[in-house]
Amino acid sequence: MTVETAVGLAVVWPLAGIGLIALFRRWPNVRETATLVTAGLLFAIVAKVILPAVMVGSRPRLDIIEVLPGLQLAFEVEPLGMLFALVASGLWIITTLYSIGYMRGHHEENQTRFYICFALAISGAVGVAFAANVFTLFVFYEAITLSTYPLVTHHGTEAAKRAGRVYLGILMGTSVGFLLFALVWTYLAAGTTEFRPGGILAGQVDGWQLCVLLGLYAFGTGKAALMPFHRWLPAAMVAPTPVSALLHAVAVVKAGVFTVLKVLVYVFGIDLLASTDASRWLTWVAAFTIIAASIVALTKDNLKARLAYSTIGQLSYIVLGGALATSAGVLGGGMHIAMHAVGKITLFFCAGAILVGAHKTEISEMDGLGRRMPFTFGAFLLGSLSVIGLPPMGGSWSKWYLMLGAAEAEQMFMVMVLMASSLLSIAYLMPVVARGFFRPPPEDGHGNPDSGSVSGIREAPLLCVLPPVLTGIGCVVLFFYADDIYRLLMGIVTP
Amino acid sequence: MTGSDLLARVSDDLPALQIAVPLLSAAICLLVRRARAAWAIAMVVAWGSFASACVLLSRVLHSGTISYAEGGWRAPWGIELRIDLLNALVLLVVTFICAIVLTASPRSLDQEIWREHHHKFCALYLLCMTGLAGMTITGDAFNIFVFLEISSLSSYALIAQGTTRRALTSSLQYLVMGTIGGTFILLGIGMIYMVTGTLNIADMAVQLAAVGPNRTVLVALACIGIGTGIKLAVFPLHIWLPNAYTYAPAIVTAFLAATATKVAYYVLVRFVFSIFGASLAFGELRLDAVLMPLAIAAMFVGSFVAIFQDDTKRMLAYSSVAQIGYMVLGLSLASVTGLTGGLVHLFNHAIMKSGLFLVMAAVLLQVGSTRLEAFAGLGRRMPITMAAFVVAGLSLIGVPLTVGFVSKWYLVMGALEGGLWPVAVLILLSSLLALIYIWRVVEVAYFRQPPEDAPEVCEAPASLLVPIWVLAGATVFFGIFTSLSVGLASAAARMLFGVEL
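Line order of the protein sequences matches chains B and U.
Residues in the first sequence are numbered from 86 upward in steps of one, following my numbering.
Residues in the second sequence are numbered from 548 upward in steps of one, following my numbering.
Hints are computed from structural coordinates only; laboratory data are not their basis.
Cβ atoms here follow ideal geometry from the backbone N, Cα and C, with glycine treated the same way.
Please note: incorrect hints may appear among the correct ones.
Said to hold, decoys possible - Chain U regions said to be covered by chain B (calculated; three or more residues, Cβ under 8 Å):
| id | segment |
| --- | --- |
| 1 | 770-776 |
| 2 | 943-955 |
| 3 | 958-965 |
| 4 | 1025-1031 |
Stated by the list, open to error - Some chain B residues judged to face chain U by a derived CB distance under 7 Å, without partners named:
| id | residue |
| --- | --- |
| 5 | Leu-153 |
| 6 | Val-224 |
| 7 | Phe-266 |
| 8 | Val-518 |
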């Protein structure tokens, strides 16, 4: 199999899985095995066939069809997309394991539809990762929006329907209103929408128009959840937890920031941005989003809502990294895609495990729960440390490079923003762990411990607990393997 | 004479047969008086017309414009049938929609029209098709009026077949409006005749260029604009359309929505470019300044009103008003890219809308109503039909890899090329309104439970499902493989602007 074929195969592979899932819908065990095998093989294709080629500097390209004159549907793998595809496909395996435990433990309905839409969304994410031009990226970006809509509205309740409206309204609204506009504009200005090292807009667009175009891209990518277009992410939390974990902490939101980063690097080009200061305003928007989202997170008692606002803040780290227009900033942003993904998915897995194991959603009800669910809360601690950015966690590296990038751009204020955000994330994440481990469990009216929290370990089902433990350990492992990611991403700044 | 000689003779006469065969078959349908037999005849004729349109198109592509002298009388004295890239494309769309809608019709007709009247329905349908095909391929301005009246009269009768009594008033309303429109067109043609002394379109253009812009020409353009505007349902001349589409039988709506307005658009384009000429119409007479505000108003008013409709058929009718706005906008951009957008949207909208209206026919057949609440639970009960609705609906919104995206791409690009970025913004904003009205239906179909006492509903019959999915599939197919639609539309637009191919 050539690498080019593998690239195409990686995009359509999850679709083949859909066939199997639909075929085996009457036998849940076979169905879930099909999903697992699909996910495993996808990861194998991405990691074993495509990654080695990209590591040695090749850029496998696959042209599918020219839809309109100058608008190719085509794939080309470069380091940033490689990393995103690795993260999405790798975490899909673990999330599938987790889904089995969660969906069965929580007695969810319509599980076949769930697994099918999940596979569709992953296919969309891989398509976004490998897109060779803005047009292809836009196609798969919309495919992700549409395929995740049934997941957000999975429960079919009135609340789910309302959340679905916000979700679709903001994501479709921004993408059709701004992103499509930016796409046409880019095409007219540059005569192409291909991603090229160094960008395609230098000398084609300048002055204030460059700022406007950047704004259309940044806000048009609603999935990046820049304020004020962030409301869809908290709304999406009505979905089952595996969806929140993989899609709304990894695949969907990372597709958004990945788009912004890729456009900054390969459409505008960081040299152009650095010389014109066109992205200066975007650093301020990102900084505002980082701080504001962290403060809102502090006020949320619902664990998933708090994590959602935390995600909004962390996504803007990546936008900030790109907007700084320095190579260290881009490296840090790219690295944060992976580091934050593993950390945040751990936290969401734990939130779901707490829901399945103890039926608790509010942080104020979790006193003493850590003694009953030590593995879950232990994993939560690991994930929290990584999101905060403390060593020896993977998250510390990306934050390091981001700060380096801000310093390189001589924007000390942004360094302070990053530090303040770390402090805020300690303030909103640590209380969860502290309550779980150090507060006594609540007592019922008779002075006895609450019947649900009798001593002894009572965790959620194994398949709900194992995944967060694995990803929690992954956060530590990434600390020691950050060098590999660094070497991969170096291909962006030194082509 | 050998068989191959006969075939060659027949194929030379294809332009004339395109009109004559449906006309004569209409009479035969009346004589047959048997529902299924009449339908079978109409089917053969409709698919035959489509095949002949394909042959004509390939011939135009291969060896240029076809000129056919009726009865052997040379133009400009005799009546000429003239097929170039523009009307070959329109003819292809019209005959295809005629054929596919007719294929879907039997079950739906059984429900809505007494079986004794089926043969009359088939006759009217073929007459309407004759008129539409005639308007499309004739090279004679007066003939356009004649065929317009044939198609109009038969469509009034078709609309009046609706099951409710409001079908009659709707038909009457359309008749009054349509007659006024036809009269304006006739007046316009008369004035051009006065100035040029000819009725042949190609000849008119030559004479008119020599005369130059004077007041008579200006008034003639105004009359043609108003007349075709009524038939095309350009805002604010659209008031006949929502009622006619809502109360006509579902099959008739699917047929007319995808053909009648498209041919009216063609007539407008033909008059503006082939008779008046782009420089006269846009440079001297400022047609673009009149049409653009109306088109934008149509895009917003149509979509906005559609959002508040409780009857989904009516909702789609208002959506048509908005979509016609896009086509007219493409014309008013007065550029090759803009007109390409308008023409490609003619092609694309015909596919999407006929598909959506056939979904309405299927729902009406199975549930008995097209009101919004009738869709409750259909996501589970009629999954294949509703999936087609979602696909065609997404295309209406303009999701990439569907035909709607292709149209929007050219329109936005045309606007930006002309430096009209506010127009580009408005195009994109209005397509979000489509998201709202389509998603209202999707939410009801997939989230609302049907009431307890609702009768059991099952999937539509295959005779409807297959045409529905041919059309829904086409919205995706032509969204990816655009060489046919975009290739023809842009070649036609370049031809009309006189840009070298």
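Q: Check each numbered hint from earlier against the structure, then list the numbers of those it violates in ascending order.
A: 1 and 8
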